[in-house]
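Chemist: Sequence:
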Amino acid sequence: MISKILIANRGEIAVRIMRTCKKLGISSVAVYSEGDKAAPFVQMADESYLLGPARVNESYLNVDRILDIAKRCGADAIHPGYGFLSENGSFAEKCEASGITFIGPTSQVMEMMGSKIEARKAMKTANIPIVPGTEDAVHSKEEAIEVAKSIGYPIMLKASAGGGGIGMQVVHSDEELLKAFENNAKRAESFFGDGAMFLEKKIDHARHIEIQILADKFGNAVHLFERECSIQRRNQKVVEEAPSPFLSETTRQRMGKAAVNAAKALGYTNAGTIEFLVDANENYYFLEMNTRIQVEHPITEEITGIDIVAEQINIANGNSLSLKQEDLTIKGHAIEARIYAEDPNTFFPSPGHITVFDIPKGENIRLESAVTSDYQVTPFYDPMISKLIVKGNTRQEAIQLLIHTLEKTKVEGIKTNIPLLLEIAQHHEYQAGNTTTSFIVDYLRPLKRK
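In UniProt numbering, the protein residues as written are 1 to 450.
Please note that a few of the clues may not be correct.
Stated by the list, open to error - With a cut-off of at most 25 Å between alpha-carbon atoms, the simulated BS3-like pairs for lysine-lysine come out as follows:
(1) K71 <-> K37
(2) K149 <-> K124
(3) K23 <-> K324
(4) K124 <-> K264
No lab work stands behind these hints, which were simulated from the structure alone.
Using the sequences and the accompanying hints, generate a full structural model.
Modeler: As structure tokens, this is what we get:
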């Protein structure tokens, strides 16, 4: 049984995992960079070890250093959180080879799903609808233009190994594609070590809806319903909610069943998320699979009462699922607003010294935070500093609680996207549930935020 977990991550997700470790009586180990030595997660852990300098390639991506610390401190498992090494098949394989339990799927499945091209092929084999696009990597601008003409503009140019919107761009013409192809391929090579690109048809007025799944090594799998993640800026999520205000019960059940079937076909284990694009007629298409816990997992926890991190640990211990599909129900409505240290108009990061950080506490308000008052936000990491999660008996109750909480929130010393979050929550189209992936561009000021 797992008795000590090293958390190969930082910030709010490290705090989140430690909270479940404490509940389960498991010791937690933090690893941190020099830039994070004063961070709350470092003090919260039972043990803490310095990884190296602030830059991620010298700290949170330093596989050998992380494994060395795990061995020296006697950790018998590693939880990767999200981002960094969480979807790195090589890291998972090295954990396995070192006799350390990796809390996630097998390295083989992770590598398959880590390539968007291979993932599309796997889903097609499992009879999951996929967005029309290329079957293999596109290696030149000329080949890309030929394929784009056959698919029809607009298209999405994507990095096969990408994530977080990196290496992704909407393209409307041959001229745009010529400019975009090399830039995105170079960016993908820089971020992921893989510049392979592929093309998909852009589905207009789509919604980004994902299904949370849990699966054990005995072939059992369940879904925890859906999350609507359509409110995005630059292909990165800003506001998520569960359940979707759009899906019919029939489509909800069909998508949940499709996700479970896909997990079983892959031999998937642990927590994962299958993401779909859904058009105005509720046709759904596989987008990608995230082989890790998601940033937005708290809203699923709020509507189901399931501690997803605890379930991850239970599965990693070799146990069978403690959940049955027929026992899972949706209770209420939850919304998550990501608070970023960034200019709400330009989306440029806003590092600096937080002098005041005060978010109201109360019933049905949950805060997952990486920061406190008197905290220095550095430019080295993702600018998300906290997640505000609210719950109501109905969607309208949840929206009103979100607005009230954001209006009472005080963050001083840096710029944040709180004005943008309020603008979204108060917008009549959002309140009506008319949320597509182009919501911010379509409805919000200034300059349509292109």
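Chemist: State for each hint whether it applies.
Modeler: Against the structure, the hints:
With a C-alpha separation of about 21 Å, the suggested pair K71 and K37 falls inside the 25 Å cut-off, and the hint holds. Proposed proximity of K149 and K124 is supported: the alpha carbons are some 23 Å apart, at most 25 Å. For the proposed pair K23 and K324, the alpha carbon gap of about 23 Å is at most 25 Å, so the pair holds. The suggested pairing of K124 with K264 holds, with an alpha-carbon distance near 14 Å, which does not exceed 25 Å.
Violated hints are absent here; each numbered hint is respected by the structure.
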